[in-house]
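Engineer: Here is what each chain is made of, one letter per residue.
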Amino acid sequence: MSELSVDHLLGIKYLNKADIELIFNTADHFKEVINRPIKKVPSLRDITIANLFFENSTRTKLSFELAEKRLSADVLNFSSAQSSVKKGETLIDTVNNILSMKVDMVVMRHPSPGAGVFLSKHVKASIINAGDGAHEHPTQALLDSFSIREKLGSVRGKKVVIVGDILHSRVALSNIYALQLQGAEVMVCGPKTLIPKFIDKLGVMVETNLRTALNWCDVANMLRVQNERMDVSYFPSTREYTQQFGVNKVLLDSLDKDIVIMHPGPINRGVEITSDVADSKQSIILDQVQNGVAVRMAVIYLLASKIKQ
Amino acid sequence: MSQKVLLNAKEVNIILHRLACQLIEKHTDFSNTVLIGLQPRGIYLANRIAKILKEDYNIRQISLGYLDITFYRDDFRRGDKTLAANTTEINFIVEGKNVVFIDDVLYTGRSIRAALTAIQSFGRPNEIELLALIDRRFSRHLPIQPDYMGRQVDVINEEKVKVNWIENDKEDAVYLIEK
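Protein chains in written order, with this note's numbering: chain A, 35 to 343; chain B, 36 to 214.
Since the hints were derived computationally from the structure, they do not count as laboratory data.
Just so it is clear, CB atoms sit at the ideal spot from N, CA and C, and this is done for glycine as well.
Watch out, some of these pointers could steer you wrong.
Derived lysine-lysine pairs resembling BS3-like cross-links, with alpha carbons at most 30 Å apart [what the hints assert, rightly or not]:
| no. | chain 1 | residue 1 | chain 2 | residue 2 |
| --- | --- | --- | --- | --- |
| 1 | A | K155 | B | K116 |
| 2 | B | K116 | A | K65 |
| 3 | B | K214 | A | K342 |
| 4 | A | K315 | A | K73 |
Some, not all, of what chain A presents toward chain B, calculated at C-beta under 8 Å [said to hold, decoys possible]:
| no. | residue |
| --- | --- |
| 5 | D41 |
| 6 | H63 |
| 7 | I68 |
| 8 | P71 |
| 9 | E262 |
| 10 | M264 |
| 11 | S271 |
Only chain B is shown next, with the shape it has when bound in the complex (with noise of 0.2 Å):
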């Protein structure tokens, strides 16, 4: 097994960034966007860019949420293992708020199909965009795009991306596994 660094730090920083600000550009003051988060590894990516949008660009308001897509996914009695849940957090209403899925990696789409659908449980949202951090381009099983987009990368199946983040994994970076 070998791995490839296909971002630093600093090469995520700034891409963490230029998203923000290409959020800021659409939603202006947020007051009415909800950002949220898909579980499992898109809460890390949602924190940070909510972090960001505080801190570095004075957003006071913003409503950030967490999706569990678990219930939702088409592949349940499919694999070997039980789909596991994790919390989902959203204490607010998603009724004609513009709605932001933020997840580190977009590769067949099937999540954010099953996202799609999760959502609707929380009401109806006026529109849906897609931010992700890393777009795995040829390898979509659906015809879901991103909206807004970190790093567009040719991964061939057998492999694997891996987006590590300081809170969880000690530091910041993108790596390409070979199996």
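Pulled out of the complex, with its shape left as it was, chain A reads as follows (with noise of 0.2 Å):
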């Protein structure tokens, strides 16, 4: 098994588990590229990627950058802030405007659900989604998988509890897909208003207590307060929060074993996860940015390597 089953990354429902493997077996080879001397590869020197970002992102566009340009790939970076979206051109438009300069590969962060599907269906480009609004964010999903079996030699069998806002988060639902496609067991942990309801039809186990959680898990997935998703209050305050969701030190070296703490950034420092959680040598947070490039590489890669000259 050497290629992809799909055309575009849109999300990780849409993959299988041979692409999974050949993800991670593709990202291993540019992990070891981007720690030579010279960390860049001519493989995409004739692919032309744009990158358009109509939500902010600072990691995910930085790595997504990075990763393209290691590849030697040319890059277009567009963000809705400085553009004619706000004249109130389409999606469709801007897009296709775009891809008449003769791009190859689009790379999405949009506000809206779908968006990607919806740009894969309509547009001559292979597209990968970056987080379409509270749907999906694959390739941290991904880099998330890569982290953990990195960490702890794989993924299968391994229980991962993804802990906070799981009602505003991609990042929860790709890394359900994810972790359930390698065979893992998954659980999340929040307070009930921020669990969406019926998430239990996804074969996810459902937890309030945050220490009982913690001594179920290999690995603690910490997820940040979107605050700014949310239009009510859903919970009566940050330092309630804290205290019945927030991991510090104490809780940590309480429970019966080391788990891994993992967490996709932004942190808000003291919020979900103290400074002493997040820097300790049980935290993985800056591996999981490091493999975000590699990963990025090699989902680059396999899917241009898929584009018809």
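Since each chain comes alone in its own frame, lean on the hints to assemble the complex.
Structural biologist: What follows is the structure, given as structure tokens:
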């Protein structure tokens, strides 16, 4: 198996287990590449990639841009803040205008769920979803699993709890799909108001007591409370949230075992996770960031190889 | 599909020893030399040469690495298949060293072209040489020639040269396969 089953990366939902294995095996090679004195390979020198960010991003945008440049692709950057989107241009028009400049691949973040799927049906380019609303963020889930695989040897059979704002999180949904595809057990934990109804239909366990969840798991993926997506109050106060769902060193040290702490960033230090936990030996937060570049290189490389000349 | 033996195990063994001796003639104690086997098939030859140098000629310190050229190939997106990578393993500094590329069959020269680019990511070597077990002459697409060569063969383009290694294919032998 040396080819992805898909032409776009729109969500983990569209991938199969072999796709994920192929992406990880390729990412292993790219991780070696980005630790060389010269961290660049010429594979994609005839490919042009547009990064369309209709929503704010620091890490993901930098990570994609770096991955593209390390593969020698030409990169166009676009963010909606300084664009004609504000003048009333539609998404298809914006993208087709960019594609008429001979762009082969589009990396898009958009506030509307399904924007990537919509685009893939209407434009001729390979689409990578870099986050669509509260729906999916496939490359984040891939780099999370890749980091678990690196730290614990494999994802299969591991117990992973996703803690926090599950309701507004695209990272949570993509992670659930990705982890289950690889044979991990998944639990979500958070205030009842931030856990979507019927999430147990996805085959995940639901827990509202953080200590119980942490004692169960091998890995805890701490999510940020997405205040910007909240139109009403979902919990009484940040302080109360932290007391019930924040991880601190005392809690971590009182567990029966050493669990792995992850966070997709950006961290709200002192809210979902304290500084001493984020910077502790159990945390692989910065490994996740480094792996993000390797995994994105793998995804871009594998999708680009399916673009016919 | 028919196949013809180009070299048998005994002939391969004699050639490997000759190549090892030619390397010693040039590189003496290998203190400033590194051997780089090219993935995927060149690594068996590289391992074997390194083993002969160590065991039969008492060269104590051999730096041996493997280089994968997948991401440097010039036929990305030109075939039907995605090019799958292999492991690169170079645990030493290449800067200022005399590098010997080792591959089983030299054909169009495009892999070597890619390897010449790839090795630059690990520093600036003093010089680079090429050792190939089989040289398919008259089939080069680029001006690349081997410095050390096992056997030169004339093969038409529809034919394939297959090198078998005991580690992987149960025997040492070189075949000419007609498709």
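Engineer: Next pair to validate is K315 of chain A with K73 of chain A; report whether the Cα-Cα distance is within 30 Å.
Structural biologist: Holds, at roughly 27 Å.
Engineer: For the hint on S271 of chain A, just tell me whether its beta-carbon gets within less than 8 Å of chain B.
Structural biologist: Check failed: Cβ of S271 of chain A comes no nearer than 51 Å to chain B, outside 8 Å.
Engineer: Does K65 of chain A lie within 30 Å of K116 of chain B when you go C-alpha to C-alpha?
Structural biologist: 22 Å, holds
Engineer: Is the interface hint satisfied for P71 of chain A? The criterion is a beta-carbon contact with chain B at less than 8 Å.
Structural biologist: 6 Å, holds
Engineer: Should the interface hint for E262 of chain A be scored as holding, given a Cβ-Cβ cut-off of 8 Å against chain B?
Structural biologist: Violated, about 39 Å.
Engineer: For the hint on M264 of chain A, does the least C-beta distance to chain B fall short of 8 Å?
Structural biologist: 42 Å, violated
Engineer: Would you check the hint for K214 of chain B and K342 of chain A, treating anything up to 30 Å between C-alpha atoms as holding?
Structural biologist: With Cα atoms ~28 Å apart, K214 of chain B and K342 of chain A stay inside 30 Å; holds.
Engineer: When you check the alpha-carbon spacing of K155 of chain A and K116 of chain B, does it fall within 30 Å?
Structural biologist: 24 Å, holds
Engineer: Minimum Cβ distance from H63 of chain A to chain B below 8 Å?
Structural biologist: With a closest approach of 4 Å, the H63 of chain A hint holds.
Engineer: Identify whether the interface hint at I68 of chain A stands, where standing means a beta carbon of chain B within less than 8 Å of its own.
Structural biologist: 11 Å, violated
Engineer: Restraint: D41 of chain A near chain B, CB-CB cut 8 Å. Satisfied or not?
Structural biologist: 12 Å, violated
Violation of the numbered hints given earlier is confined to hints 5, 7, 9, 10, 11; the remaining hints are satisfied by the structure.
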